[in-house]
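Undergrad: Two independent chains are provided; combine them into the complex using the hints.
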Amino acid sequence: MQACAPTPPPATPSRRHARREDRLMLALAAPAALVVLLLLVLPMAWLFAQSFYDGGFTLQHYRRIFTERIYFDTFALTFRISVATTLLALLLGYPVAYAAARLPQRWRLVVLGLVLVPFWTSVLVRAYAWLILLQRTGVVNKGLQAAGLIDSPLPLVHNELGTMIGTLHILLPFMILPLYATMQKIPHDLLMAGSSLGGSPAHVFRRVFLPLSLPGIVAGCTMVFVLCLGFYITPELLGGGKTIMVSMVVSRNVELYNQWGAASAVSVVLLACVFAIFALIGRFLPLERVVAPR
Amino acid sequence: MTNRSALSRLAYLALVLLVLLFLAVPILIIVPMSFSDSRFLAFPPPGYSLRWYEAFFGNADWLDAARTSLTVALLATLLATPAGFMAAYAMHHSRLRAMKWLRTMLLLPLMVPIIIVAIGVFFVYARIGLVATLPGLVVAHAMLGLPYVVIAVSAGLAGFDATQEMVARSLGMNRLRSVLTVTLPQIRPSVVSGAVFAFISSLDETIVSLFIAGGDNQTLTKRMFTTLRDEIDPTIAAISVMLTATSFLLVLVVIGLQRKKA
Chain A
42 MQACAPTPPP
52 ATPSRRHARR
62 EDRLMLALAA
72 PAALVVLLLL
82 VLPMAWLFAQ
92 SFYDGGFTLQ
102 HYRRIFTERI
112 YFDTFALTFR
122 ISVATTLLAL
132 LLGYPVAYAA
142 ARLPQRWRLV
152 VLGLVLVPFW
162 TSVLVRAYAW
172 LILLQRTGVV
182 NKGLQAAGLI
192 DSPLPLVHNE
202 LGTMIGTLHI
212 LLPFMILPLY
222 ATMQKIPHDL
232 LMAGSSLGGS
242 PAHVFRRVFL
252 PLSLPGIVAG
262 CTMVFVLCLG
272 FYITPELLGG
282 GKTIMVSMVV
292 SRNVELYNQW
302 GAASAVSVVL
312 LACVFAIFAL
322 IGRFLPLERV
332 VAPR
Chain B
731 MTNRSALSRL
741 AYLALVLLVL
751 LFLAVPILII
761 VPMSFSDSRF
771 LAFPPPGYSL
781 RWYEAFFGNA
791 DWLDAARTSL
801 TVALLATLLA
811 TPAGFMAAYA
821 MHHSRLRAMK
831 WLRTMLLLPL
841 MVPIIIVAIG
851 VFFVYARIGL
861 VATLPGLVVA
871 HAMLGLPYVV
881 IAVSAGLAGF
891 DATQEMVARS
901 LGMNRLRSVL
911 TVTLPQIRPS
921 VVSGAVFAFI
931 SSLDETIVSL
941 FIAGGDNQTL
951 TKRMFTTLRD
961 EIDPTIAAIS
971 VMLTATSFLL
981 VLVVIGLQRK
991 KA
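Quick mapping for you: the protein sequence lines, in order, are chains A and B.
In this text, residue positions in the first sequence follow my numbering: the first is 42, and each later residue adds one.
In this text, residue positions in the second sequence follow my numbering: the first is 731, and each later residue adds one.
These are calculated hints, taken from the structure and not from any lab test.
What you are looking at is a predicted structure, and each value in this text was computed from that prediction instead of being measured.
One or more hints might be untrue.
In silico SDA-like pairs for lysine to any residue, Cα to Cα no more than 20 Å straight-line [said to hold, decoys possible]: (1) 830(B) x 72(A); (2) 183(A) x 777(B); (3) 183(A) x 769(B); (4) 183(A) x 758(B); (5) 283(A) x 959(B); (6) 183(A) x 768(B); (7) 183(A) x 989(B); (8) 830(B) x 75(A); (9) 830(B) x 320(A); (10) 830(B) x 323(A); (11) 226(A) x 989(B); (12) 830(B) x 326(A); (13) 226(A) x 888(B); (14) 226(A) x 145(A); (15) 830(B) x 112(A).
What the simulated footprint calls covered on chain A by chain B, stretch by stretch (three residues with Cβ under 8 Å from a Cβ of chain B suffice, anywhere in the stretch; the number is not a length) [said to hold, decoys possible]: (16) 83-94; (17) 136-147.
Note that CB positions come from ideal geometry on N, CA and C, so glycine has one too.
Here chain B stands alone, though its shape is the one from the complex (with noise of 0.2 Å):
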């Protein structure tokens, strides 16, 4: 290997180094800011406690804040993920063209600047009295879990042999607890992340939850956002990092049952 092409090696390899550091520094610097125990944001903190977390679990705002979020984050993902599984089941078998519509429409929540999204469903709930309500935003965060169901599902449908289900029926099976039986169980994995990006998705919606929650349903990113627009509240920290580490639980659930699944 020549000096030049050493150097432009090293040069590559420290370029793609700061590029990840700019992604993870960010992130990693939050689980020390949260451990401090002064109200500044000095770093590294000048000492450690568990002062902010302390006051976030002695805060009943905060907490009704994440209950409600939890709440509707759950109750979502129970939503969207039979739904959006039926929808995925009906665009694979059947080849009516409205399907092919439909597909594009259920992909609609991902590709519309969400804060049309969000003008949109709030001003469908002012007309219907759904504003500051919990199934207000149950309803409004299915949606937009919908297609991350959609494609986890639709992908796992196409990987899937189809065959054994027609097997399934023809020996007497009818069609529910063909699918229920045989295919759902083959295409689990898909199901779960589907339903687990859903459930992320609710946890870490903001700007749809600005206009349609309220009183005492707030959730837990309005009121972070809300705060964190007039001060920089050491609290806000330690509930990153609890909301963090719940996502990135998630996601090596979702990736652990990939790899089985490989």
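With the rest of the complex left out, here is chain A (with noise of 0.2 Å):
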């Protein structure tokens, strides 16, 4: 970064004073430039380039996850699991969203705060939580046995639907913060102008209030989606062993079997996923926005 031409072109002092100044604010930035570039693009560059490689050019790695039937269910699981919960998330977070956009200052704060609680609790305190509270002698089974709704215990963990539930849980928040940020931005005024011009409510939000909310359902529905498909704790805790999602081959390929080919070529599957939402995404809204909606 330091790296300048030994003799600089003769410059007028304003120009000289520009490339000082261009100098140190790279000499600022690159503290944190470095350790990401160091601990994050170089380990992807490097994948990029194992997964086509063994012991030379291959392209071997691909071809097993495109035939072998362990890898297409995997990333078929993780697409459905992934599709499904960012719908689910929707359908659940609007509402509240629009409850807390719309709601008197004091019921707001409750509302926000019943949905950050859960934001800011680590991930693996609530896969324990749903652990409790859906297991055969959990809470729910519990519940409904001495309701008498149902005779024996309901398989609600260790399998598909406890991986989608506690998964919806730890996203939900995902969808309802940048929702709520996009909602409170919508004036009032307009609702009201909507409907002094003869609109029925149910008109004036699908014609007003729903398309302007729609940077909040892009913004949500990407991030949820995104993290969704890069899960691993909670399907690993609460799948039973049984959900594997894209990651957790990811990992068993490092972890157990030092195949670092084969995990190679996967990541580089998910991560051209994941970049490809987000290059399309960022054409419509500043990624910022989406990564970070408190």
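TA: Pasting the structure below:
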């Protein structure tokens, strides 16, 4: 970054000043940039190279992903869970965000508080809580049995259902917060204008409020979907070893089998999906708004 | 109001309430469980005791892990905050093309699936001998905390009138002093919230730690994860309550700061 021509061309004082300023700014940014470069960008580049390598150039790691059943099933399951979670989160999160945006100040804080507490609670803690609630002798099964609704405990956890519940719980705030941030900025006057012009509440909602809340919907859905694609802890703890998501395949190939080739090819496919989504969304919304709704 | 619209309003409020319960109940239920006197996870607990808190504070392994986690979170925050501040300052003031790239790059730790971050860091550390070391954990967590600091500080700088800094400098103050004595005090709430988020994210970070923590440097979350994989140990409930309380108190600090600013 300091590498400059040893004899700079004659410059006016202001240009020299501008160049000094540029160098200072680059130096200030350098520590943060270097850490991310060395610990994230570099290894990703290496993973990419590794995914084509097995003693020489090869496509076999990718061929395996597309031909072996287990890889196909894993990707299919991951996408299925991600799509379902995103839709459910939107369906359940939209009304809550709407309530938070329209309620009086005091109630708004209560609603936001109830959304933020789980948001800032460790993912591990929440997986543990769901184990308590959903296991065979857990609170939910005991309650349903006591109420006489079921005879024998339902299999609520250690399967795909348990994974879905835990995943939805973790990702719901990522939907609600950007939705709320967007809705809060919709001027009330616009809705008033809509109804004073004769629109029914449902009509005003559909034609005015919903379109204006679209950026929040896009931001929320993007983040929920992308995070879900990379989920690891929740399926590992609540999936009962049968719900294998993409992250788990990556982890197992590295940890158990030391198969960097397979792990890297799966990683590259996962990364390609994630970056494609962000690149697409980044054309409509600033990425900062997507990744950090707080 | 007609009957039908009253009914749909009621249904709407019931739905909102149910979703909020869904969000809150799992976290609230851990509190009574952590005070249970039973080894089994019956709810409500048959009796109350401090047994699981004693199990935590009486176990050297858990305490060591907690100490490691707190040390790592503190040091990672101390690294990420100044580095993130400097980067945000540079991106705010410079019109270099590179800064646009830098902004995206500094968001990467939040965008890349965490498992890929984990195996990437593990790969680098395995070659330079940083696996299972404290500095390794600190630097990795600092990287993960950077985006929080950068985003918060950028927002703070965007709302700060930079001419104040120019005035200070035109009156003869050098740049560093003008930043430290004029800019920083006014955007302190943003810096503190960025730092707090970085701290919490380090404290809760599990997956990268799974790969690079170990030996004498186990983190609390790694121990919790490996324990949970085998059994449902109620000690986890006690730890969960303390971990959640810590995060929550810190978030309250941030909210307090932001309201004072408003």
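Undergrad: Going through the numbered hints above, which ones does this structure break? Give me the numbers in ascending order.
TA: 7 and 15
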